[in-house]
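These protein sequences, in sequence, are chains A and B.
The opening residue of the first sequence carries number 231 in my numbering; numbering runs sequentially from there.
The opening residue of the second sequence carries number 231 in my numbering; numbering runs sequentially from there.
Hints are supplied without guarantee of correctness; some may be wrong.
It does not matter which identical chain is meant; a pair holds if it fits inside one copy or across any two.
Claimed, not checked - Mimicking DSSO-like on lysine-lysine, the simulated pairs with C-alpha atoms at most 27 Å apart in a straight line are:
(1) 335 x 324
(2) 289 x 462
(3) 252 x 462
(4) 334 x 324
(5) 462 x 403
(6) 334 x 458
(7) 462 x 324
(8) 250 x 435
(9) 530 x 250
(10) 335 x 458
Don't read these hints as lab results, they were simulated from the structure.
2 protein chains.
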Amino acid sequence: MKIILIVAVMLSHSFGESIKSKYVETSLKIISKSLTDSTAYNRLGYMCDTFGPRLSGSKNLENAINWILKEMESDGFENVRGEKVAVPTWIRGKESATLLSPFKKELSMLGLGGSIATPRGGLKAEVIVVNDWDELESRSNEVPGKIVLFNAPFTSYGETVAYRYSGASAAAKHGAVASLIRSIGPWSMNTPHTGVMAYRDDVQKIPHAALTMEDAMMLSRIHDRNDKIIVKLDMNARMVADRWSHNVLGEIKGSIYPDEVVVVGGHIDSWDVGQGAQDDGGGCIASWEAVRLIQELGLKPKRTIRCVLWTNEENGGKGNKGYRDM
Amino acid sequence: MKIILIVAVMLSHSFGESIKSKYVETSLKIISKSLTDSTAYNRLGYMCDTFGPRLSGSKNLENAINWILKEMESDGFENVRGEKVAVPTWIRGKESATLLSPFKKELSMLGLGGSIATPRGGLKAEVIVVNDWDELESRSNEVPGKIVLFNAPFTSYGETVAYRYSGASAAAKHGAVASLIRSIGPWSMNTPHTGVMAYRDDVQKIPHAALTMEDAMMLSRIHDRNDKIIVKLDMNARMVADRWSHNVLGEIKGSIYPDEVVVVGGHIDSWDVGQGAQDDGGGCIASWEAVRLIQELGLKPKRTIRCVLWTNEENGGKGNKGYRDM
């Protein structure tokens with residue numbers, strides 16, 4: 231067993247060496263070009279500045295996609311096209327959360343992606359603050375008719391995000407009329423943070439929104455002082471019929487194995503309250519730029535290299551499924 | 231010379247040692263009490279939560295001051311009193327900045343403390359972006375009729391804050407109709423930052439506001455693309471007549487030298503868009519708590535220890551001048 235392993239390692243090592251020596255010059259050409267060319271940064275800046283947030287179903291997103299298609303054509307990519315994808319369309323609408331008692335204060339908030347609206351005119355209810363799932367369960371008899379605030383301290387995104395994704399149904403199960411979370415993240419400048427949430431099918435849907443870390447901690451302090459907390463929540467969020475969006479594709483055809491495709495890409499949609507420069511504008515532009523540099527340097531890859539910018543990653547994943555089934 | 235120095239150091243060292251041995255037990259008593267008592271944190275939380283921002287001239291500030299006076303009385307402090315101080319009163323009013331061209335976008339902004347308003351209904355003008363004073367001077371012929379944006383990268387607070395404090399008059403000198411700065415600070419979550427500014431007497435006053443770092447950098451990118459930038463600025467800020475505020479005083483009377491006063495304190499006012507928990511709520515509460523712990527431990531200082539919470543540090547310094555002249 232040991233001997234086989236050693237032979238395998240030696241083989242893979244020498245195979246690696248031969249690839250390295252064969253492509254070192256080409257790689258360095260690409261790297262040095264990328265280090266002296268600001269096309270990618272300028273395109274990311276232009277896209278984020280000009281088109282703004284790129285939520286699935288929005289005109290902004292399609293404007294950005296149309297601009298990319300035009301630019302890819304002018305880069306000389308082949309088979310540049312937008313593949314139609316029907317995407318779920320959630321519209322935030324006007325929204326607010328106001329602390330009415332023990333004193334009045336506008337709370338910075340963001341409805342969570344997929345949430346339903348409050349009844350027209352908003353809803354007013356007492357708030358119960360819990361720090362985790364266990365506290366919700368142990369105090370479930372206090373929940374009916376109230377707004378549950380999950381003031382869960384951030385541990386990791388993967389762990390704490392459960393309150394955002396599943397908090398509404400967990401609270402509704404015990405009769406809550408709405409649910410709030412402390413924004414998911416390690417720090418804050420009174421900045422609420424949005425993202426996707428979902429409802430269980432077997433529980434009444436209730437509105438679900440994020441407060442800032444600061445305001446959630448403030449409500450928790452008020453709760454600890456045994457003062458009654460009353461909040462008015464007003465959300466006009468709604469799902470409308472699916473709309474058309476597009477996966478963006480552009481490629482360099484392979485010179486020897488054109489049907490073998492190396493795919494690089496990112497997702498072009500973003501949430502509606504930022505420009506998605508990092509998530510995932512940067513990923514999209516970097517993938518696109520990698521292909522463009524190969525093109526501009528006149529390199530002729532054996533296999534097809536395709537850049538795919540998927541739509542609707544944030545709230546539905548319809549872009550990647552559409553590409554899979556294409 | 232050397233010998234004298236050595237003797238002085240030895241004397242001061244042995245003097246220091248004797249103070250140390252005399253007070254080590256008392257100090258440890260105070261320290262250990264402070265480490266097991268949450269009064270200070272709870273009071274800071276209560277004050278910030280309940281009274282909100284404490285701008286000079288606001289009802290909030292006087293509410294907080296009145297609460298502190300009552301609490302100091304209940305702590306058993308002596309000579310608890312609010313000393314009247316007339317404070318300049320600046321009121322922000324409604325304000326907004328909207329990018330109209332090359333595309334429409336609401337910009338997060340904060341008027342700077344002391345700024346005048348725009349003409350009623352706001353003003354609309356082309357924006358010229360400069361990175362520093364030198365660029366303003368070298369392009370001064372482009373300034374008349376425009377809004378100057380100082381997109382100065384943050385170096386240190388002391389250095390970069392000059393654009394906030396003096397930017398308006400520097401721009402107005404060349405005929406600008408308003409001035410904007412990139413918020414002073416090392417980082418941002420699209421969070422504008424306010425603070426005090428001032429006008430020169432010999433130059434026309436123009437409105438002066440801060441954009442977020444992100445929006446200032448975006449405008450700078452647009453400027454670099456040679457796109458014309460038009461912004462509508464609408465500010466209703468105004469100075470009204472001075473109002474009464476109060477320096478808060480409370481003390482433990484000295485048992486031997488009551489007229490020798492050790493003063494500890496902070497400033498109780500804050501800007502109007504935060505709760506001033508750190509600047510300077512924390513300083514105030516820590517000073518107050520230091521005196522309270524001495525009181526609660528039944529220690530009898532030889533000299534009077536006085537806690538002073540000065541009003542109006544942020545925009546006028548009338549509190550400290552009032553105390554000096556008391």
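Results of checking the hints against the structure:
1. 335 x 324: both (18 Å within a copy, 17 Å between copies)
2. 289 x 462: between (31 Å within a copy, 24 Å between copies)
3. 252 x 462: neither (66 Å within a copy, 58 Å between copies)
4. 334 x 324: Classified as both: same-chain Cα gap 20 Å, cross-chain 19 Å, threshold 27 Å.
5. 462 x 403: within (21 Å within a copy, 48 Å between copies)
6. 334 x 458: within (13 Å within a copy, 42 Å between copies)
7. 462 x 324: both (14 Å within a copy, 23 Å between copies)
8. 250 x 435: neither (56 Å within a copy, 66 Å between copies)
9. 530 x 250: within (18 Å within a copy, 79 Å between copies)
10. 335 x 458: Within one copy only: 14 Å inside, 39 Å across.
The structure shown violates the earlier hints numbered 3, 8.
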